[in-house]
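Peer 1: Work out the full structure, taking the sequences as your base and the hints as a guide.
Residue numbers (numbering that gives the first Met the number 0), protein chains in the order written: chain A, 0 to 316; chain B, 0 to 316.
In short, the hints are calculated from the structure, not lab data. Take the hints with a grain of salt, since some may be wrong.
Copies of the same chain look alike in the list, so a pair counts if it fits in one copy or across any two.
Stated by the list, open to error - Lysine-lysine pairs mimicking DSS-like chemistry, simulated, CA-CA at most 27 angstroms apart:
| hint | residue 1 | residue 2 |
| --- | --- | --- |
| 1 | K28 | K16 |
| 2 | K108 | K313 |
| 3 | K89 | K28 |
| 4 | K94 | K28 |
| 5 | K28 | K310 |
| 6 | K108 | K28 |
| 7 | K239 | K215 |
| 8 | K16 | K5 |
| 9 | K28 | K62 |
| 10 | K5 | K191 |
| 11 | K138 | K89 |
There are 2 protein chains.
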Amino acid sequence: MNIPSKESIVAAHERIKIYIHHTPVMTSKSIDEMAGCHLFFKCENFQKVGAFKARGAMNASLKLSPEQRIKGVATHSSGNHAQALARAAKILGMKSYIVMPRTAPEIKKRGVRGYGGEIFECEPTLEARESTLAEVIKKTGATEIHPFNNYDVMEGQATCAKEFFEDAPGLDFIIAPVGGGGLLSGTALATKYFSPSTIVMAGEPELANDACRSMKSGKIEPASPPTSIADGLLTSLGDKTFPIILENVKEIITVTDEEIVAAMRIVWERLKIIIETSCAVPFAAVLKDKQKFAGKKVGVIFTGGNVDLNKAGKLFA
Amino acid sequence: MNIPSKESIVAAHERIKIYIHHTPVMTSKSIDEMAGCHLFFKCENFQKVGAFKARGAMNASLKLSPEQRIKGVATHSSGNHAQALARAAKILGMKSYIVMPRTAPEIKKRGVRGYGGEIFECEPTLEARESTLAEVIKKTGATEIHPFNNYDVMEGQATCAKEFFEDAPGLDFIIAPVGGGGLLSGTALATKYFSPSTIVMAGEPELANDACRSMKSGKIEPASPPTSIADGLLTSLGDKTFPIILENVKEIITVTDEEIVAAMRIVWERLKIIIETSCAVPFAAVLKDKQKFAGKKVGVIFTGGNVDLNKAGKLFA
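Peer 2: Here's what the structure looks like:
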């Protein structure tokens, strides 16, 4: 596998097209007034499995050899990639083995089981996830599809920004959240290939600011303790995602958990759509750093909408 | 004013087109499996002011004479019509005077004020609303735009079903909620004119089942005490809406508040969109009476998405 090229991203989009939604781009006059810029929201919360992860998991699964398909796929994931991979496996008639931290939202575990995925629970640390996954792979012979540090996954995630540029041309900025960097690196590549005048930005929780620290130090910094409510953005960058981000992303803006909840609330109230905490991070960043985006056309990737309503209700109480 | 004709509804749609959203129709494979039929959701929660009421208020306001416009418009409304009329007035440079029960959700009051509407609070009874409105009209000379018992409003609401039939042809059923009956009577007329083979149904809260009782008794029954959480559906029918409903609506299905919350939760979780309690009523009715809709193409009008998140969170806790 190589760094995705322009041609390979175009091919990936063709490959996955019939398995994913072409998600809509939403706009809101009242939010534009509030933010002082022209916002375009790419609604991957309406994507299959409720998140952009459907793209990368589907692309990587479709690229497996017949021999690999027989043994199935495995991964560790805090949530949406787990569901996405289980779904891709189900569609292609493969087994899927999913290592999940026991703290992962119940709605995401239910989703995995609904697609016939077999769950292996572990402690919510990277070490526990990796060692549990290694055991599972040893036992099953399944192919690991890493949630982000995998060029086929990155190539699939890149199709989101490609579609975005097709539907909302002329963006001055595109901004995505960053956890492991699969979406962000894919977005950066798609921008370079399909809309090179657009500036790539990212939003990150202040309580999980390892990507921001990595950009400053020039090397991959370890993840912060998992305290942010943005539970999809707690992992550190990978050696495949980091160099692409370092080279192509202009800036990572960090936001507090309070700013994340406030931004999420605006989206629920004004756009009338459900987005999850991690998904609200780039929009929170735009609201925080208004002068940077003033008067510009800003494309925000809404990454997912898998919310545990029992928990989310309390955020707004 | 007369009962809206086919031609007048077509003209209304042309008249209001530039002031309203052409809202999307959503579908969901997982919800179809759950419901056992093919569901099409007309998303008026994405409409201007977050509800279909933008249509009727705009249409009625646009039909006022220059003399009437000078004195402005007035109404009493528990919520969405209030915002819709304030918005229409603002666009046309008129004053708007809105009588609202003091118990109306704060988000809806804020919305009215945001459009420059002047609010007059009153007790949450029909008598208090009517007497307060009469005083306001006496003082200002404003024209009353009733939230539902007004043919121009009905004509505007009818454009929702017209649009729905254009985007989702061949519906076996169309189902809307019923409060005062403005949307339902407009939907019934639009169905008669534009999709006569479609059966018109309605959903109503069991705790506010006056329309269902009226259909049985053949006369307008008074509203129940305002206890249902479906706060947009607490009023009784009007003498303009009732005859049309009696003649053209096949059946009104009533649902409990628990069934309303359960249906709303499914929509938030699966469709990833925000709908308000009143809006969940017809979908709750479809889920309750599955055998009636089994295998059919069912169009559900999602009426609005103006939710007080502080309250809504508690519903799911």
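Peer 1: All hints are to be evaluated individually against the structure, with a verdict given for each.
Peer 2: How the hints compare with the structure:
1. K28 with K16: between (31 angstroms within a copy, 17 angstroms between copies)
2. K108 with K313: Classified as both; 21 angstroms inside a copy, 23 angstroms across copies.
3. K89 with K28: between (41 angstroms within a copy, 15 angstroms between copies)
4. K94 with K28: Only across copies: K94 and K28 sit 22 angstroms apart there, 46 angstroms inside one copy, limit 27 angstroms.
5. K28 with K310: between (30 angstroms within a copy, 26 angstroms between copies)
6. K108 with K28: Between. Shortest inter-copy distance 19 angstroms satisfies the 27 angstroms Cα cut-off; intra-copy 37 angstroms does not.
7. K239 with K215: This pair counts as within: shortest intra-copy Cα distance 18 angstroms, inter-copy 68 angstroms.
8. K16 with K5: within (17 angstroms within a copy, 41 angstroms between copies)
9. K28 with K62: Cα proximity of K28 and K62: across copies only (26 angstroms, versus 42 angstroms in one copy).
10. K5 with K191: Cα proximity of K5 and K191: one copy only (9 angstroms, versus 53 angstroms across).
11. K138 with K89: within (20 angstroms within a copy, 68 angstroms between copies)
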